[in-house]
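S.K.: These protein sequence lines are chains A and B, in that order. So in the numbering used here, the last one in the first sequence is 365, and the numbering has no gaps at all. So in the numbering used here, the last one in the second sequence is 365, and the numbering has no gaps at all.
Simulated from the structure, these hints should not be mistaken for lab results. Computed from a predicted structure; not experimentally measured. One should not assume that every hint holds.
Cross-link-like lysine-lysine pairs, in silico, BS3-like; alpha carbons within 27 Å at most [what the hints assert, rightly or not]:
hint: 1; chain 1: B; residue 1: K50; chain 2: A; residue 2: K57
hint: 2; chain 1: B; residue 1: K50; chain 2: A; residue 2: K76
hint: 3; chain 1: A; residue 1: K31; chain 2: A; residue 2: K76
hint: 4; chain 1: A; residue 1: K50; chain 2: B; residue 2: K133
FRET-style restraints, in silico, Cβ to Cβ [stated by the list, open to error]:
hint: 5; chain 1: A; residue 1: E184; chain 2: B; residue 2: N147; range: 35 to 41 Å
hint: 6; chain 1: A; residue 1: Q210; chain 2: B; residue 2: S350; range: 30 to 36 Å
hint: 7; chain 1: B; residue 1: Q181; chain 2: A; residue 2: S73; range: 43 to 49 Å
Every residue gets a Cβ at the ideal spot worked out from N, C-alpha and C, and that includes glycine.
As a plain string of letters, each chain reads:
There are 2 protein chains.
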Amino acid sequence: MLQKHSEGKTVNYIRPEINAMRGYVPGEQPKAGEAVKLNTNENPYRASEKVYAAIRKVADEGLSRYPDPIADSFRKAAAQRYGVPQGCILCGNGSDDLLTILTRTFISSGEILRLPCPSYILYQSLAEIQGAKSETVFFNNDWSLPNSFCAASSAGTLKLAFLPNPNSPSGTVLPKERVLQIAEQLPCPLVVDEAYADFAEDNCISLLEQTDKIIICRTLSKSFSLAGLRFGFLFAAPKYVEAMLKVKDSYNCDSLSIAAAIAAIQDTDWQQDNRSKIIAARSVLVNRMRELGFTVPDSQANFTWNTRNDMPVKPIYEYLKQHGYLVRYMNYADWGDGLRISAGTPEQTSECLSLIEKAVLRTAR
Amino acid sequence: MLQKHSEGKTVNYIRPEINAMRGYVPGEQPKAGEAVKLNTNENPYRASEKVYAAIRKVADEGLSRYPDPIADSFRKAAAQRYGVPQGCILCGNGSDDLLTILTRTFISSGEILRLPCPSYILYQSLAEIQGAKSETVFFNNDWSLPNSFCAASSAGTLKLAFLPNPNSPSGTVLPKERVLQIAEQLPCPLVVDEAYADFAEDNCISLLEQTDKIIICRTLSKSFSLAGLRFGFLFAAPKYVEAMLKVKDSYNCDSLSIAAAIAAIQDTDWQQDNRSKIIAARSVLVNRMRELGFTVPDSQANFTWNTRNDMPVKPIYEYLKQHGYLVRYMNYADWGDGLRISAGTPEQTSECLSLIEKAVLRTAR
Chain A
1 MLQKHSEGKT VNYIRPEINA MRGYVPGEQP KAGEAVKLNT NENPYRASEK VYAAIRKVAD
61 EGLSRYPDPI ADSFRKAAAQ RYGVPQGCIL CGNGSDDLLT ILTRTFISSG EILRLPCPSY
121 ILYQSLAEIQ GAKSETVFFN NDWSLPNSFC AASSAGTLKL AFLPNPNSPS GTVLPKERVL
181 QIAEQLPCPL VVDEAYADFA EDNCISLLEQ TDKIIICRTL SKSFSLAGLR FGFLFAAPKY
241 VEAMLKVKDS YNCDSLSIAA AIAAIQDTDW QQDNRSKIIA ARSVLVNRMR ELGFTVPDSQ
301 ANFTWNTRND MPVKPIYEYL KQHGYLVRYM NYADWGDGLR ISAGTPEQTS ECLSLIEKAV
361 LRTAR
Chain B
1 MLQKHSEGKT VNYIRPEINA MRGYVPGEQP KAGEAVKLNT NENPYRASEK VYAAIRKVAD
61 EGLSRYPDPI ADSFRKAAAQ RYGVPQGCIL CGNGSDDLLT ILTRTFISSG EILRLPCPSY
121 ILYQSLAEIQ GAKSETVFFN NDWSLPNSFC AASSAGTLKL AFLPNPNSPS GTVLPKERVL
181 QIAEQLPCPL VVDEAYADFA EDNCISLLEQ TDKIIICRTL SKSFSLAGLR FGFLFAAPKY
241 VEAMLKVKDS YNCDSLSIAA AIAAIQDTDW QQDNRSKIIA ARSVLVNRMR ELGFTVPDSQ
301 ANFTWNTRND MPVKPIYEYL KQHGYLVRYM NYADWGDGLR ISAGTPEQTS ECLSLIEKAV
361 LRTAR
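For reference, chain A alone in the conformation it holds in the complex:
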């Protein structure tokens, strides 16, 4: 990895922070057809055909021209659908792009990012890339969040906090009154990552009118079944949107995804139907996993979090993988491990549960 410099010393030119970091590793992505994927919370159903019609229309019109840098047509449609002013909306190349833009807009090198644990591991990588520090606060046993999450940092200036709600891997939700309390107590803005909010009973959009310290991130990857499209959006006070426009790449969203995203959020019938199916599969998963001896918190997302103390769960993950079912084995330092299982079709869910039953019997022996 090192090369000889002309003076004889070895240099590799890469920033020390990047050399030192391990890098975020996304969930396994086997080739199509090689496995049933219940490991990355993708949606098992095909997106609305209106989305694909919009994509074909853009292909007919052509892609020679640059897209609208701020995707105003989407912002207008989202303002209508979500009842949020257009100036409060920013679009991204997936919500990962938005989380990156947020980190780069608010946190300088050496400053602090606050995040709960266990939650989305990527947040820590974002801080590392920025040369910032991250401070994790563990959830309580009942998946509530202690007040220490809101305290100033002793290690530096706390500049941003991330809170996935519903959380991953737990699928649990903090009530919005509690989210508002956290935002008001924090000495910095709070990013509520609502990647899974469409599967929950409520969301935090109404809080935007009460405080400009809350920023809400959304994605089309989960509840719109468009993980392959890369499109996300966020709601924030206009002053923050304006700052983030300076940080984002000029043309961060392509013409196909902008048109597809508009069609997606406007097809509320598709989404209602899809939501019902996912919630039904989630219920089956939660109930059966509890019968099989797992501890499973109530989930408001499109997945469930499954732990147990009487036997290791990694062999169960491995057994499933051998039999063509991928779930996510997660092991959090100083906390523990478990299996995160996405809601699939009824057939996938049922087959996965049968395999888990067999694996539990094998492992218990």
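Dock chain B against chain A, hints included.
M.R.: Same frame as chain A, now just chain B:
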């Protein structure tokens, strides 16, 4: 822009570097059909139909699943097409994404980015966002680059240099022997931005075998007529690609663009035909603009750079805009202004030149 903090002092939470910067402003993007766009170096022809067929195929297959995080299918195709090992290839959401990733991989806060002037204004914004400093070195009058471009910085540690080749706005090229010399003299890696190289007589790919200090960026926006798709790629030593994989967003390229990009680079017949047409229009532009009294350097890109001392050129830009033709008026501090005009179809080019002739006569009066 400021809000009251609970203690009574005003804070806005945004990083001071972001508050201070102006933000990169991309070229004007009128709605389709509202103007002939010769201002952002887009390609006036429709991309290969094989590209659109690939997009429709992905739409048929669906977008529920995440894309391949590193777009290996494209890397394999690009390795074949360009004769560069697969491990040397990194894909991005447009080459802007790659320029951002490069900046974040190599330059820490307070360090130095070197760039020539006049060139792509975005480079400076990238340094600003990173909290880094940029140092510009002016091209010589003949568009060669002085050796001071390679010198260590007195203001901090020089960590990366950007060199567009062909350059924008000039369209001029440094011979690859000179690029190699610059790379070897620099105390840091050199990013050769080859956005326009497909319109040039040569490129720097063969230099990759001679030094790992050269990194080459490519885009599908110009020579593949896919600005609306957002896809770029770069060639670098594997150690740099590995570091950049840690910095990029996990799924920075979507499934549609990966499939489209493979089809694009494989259709060499389309590109050869397109290249001939663009170069023909460029010749017409260069010759006629010289006849009309402009100074026009020989261009190896899909645009020309037009200056003159005997009259202001901004009124010409404004006259063209009033008549439905957008060209790019550029004004560089401490250097001067000019018109950058993209090669259009024969009809667009001819009509634009007629309008310029009229504008020159009006302005000369």
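S.K.: Now, for every hint given, state plainly whether the structure supports it.
M.R.: Now for the hints, and whether the structure bears them out:
no., hint, verdict
1, B:K50 / A:K57, "holds, 16 Å"
2, B:K50 / A:K76, "violated, 33 Å"
3, A:K31 / A:K76, "violated, 37 Å"
4, A:K50 / B:K133, "violated, 47 Å"
5, A:E184 / B:N147: 35 to 41 Å, "violated, 58 Å"
6, A:Q210 / B:S350: 30 to 36 Å, "violated, 59 Å"
7, B:Q181 / A:S73: 43 to 49 Å, "holds, 48 Å"
Checked against the numbered hints listed earlier, the structure breaks hints 2, 3, 4, 5, 6; every other hint is satisfied.
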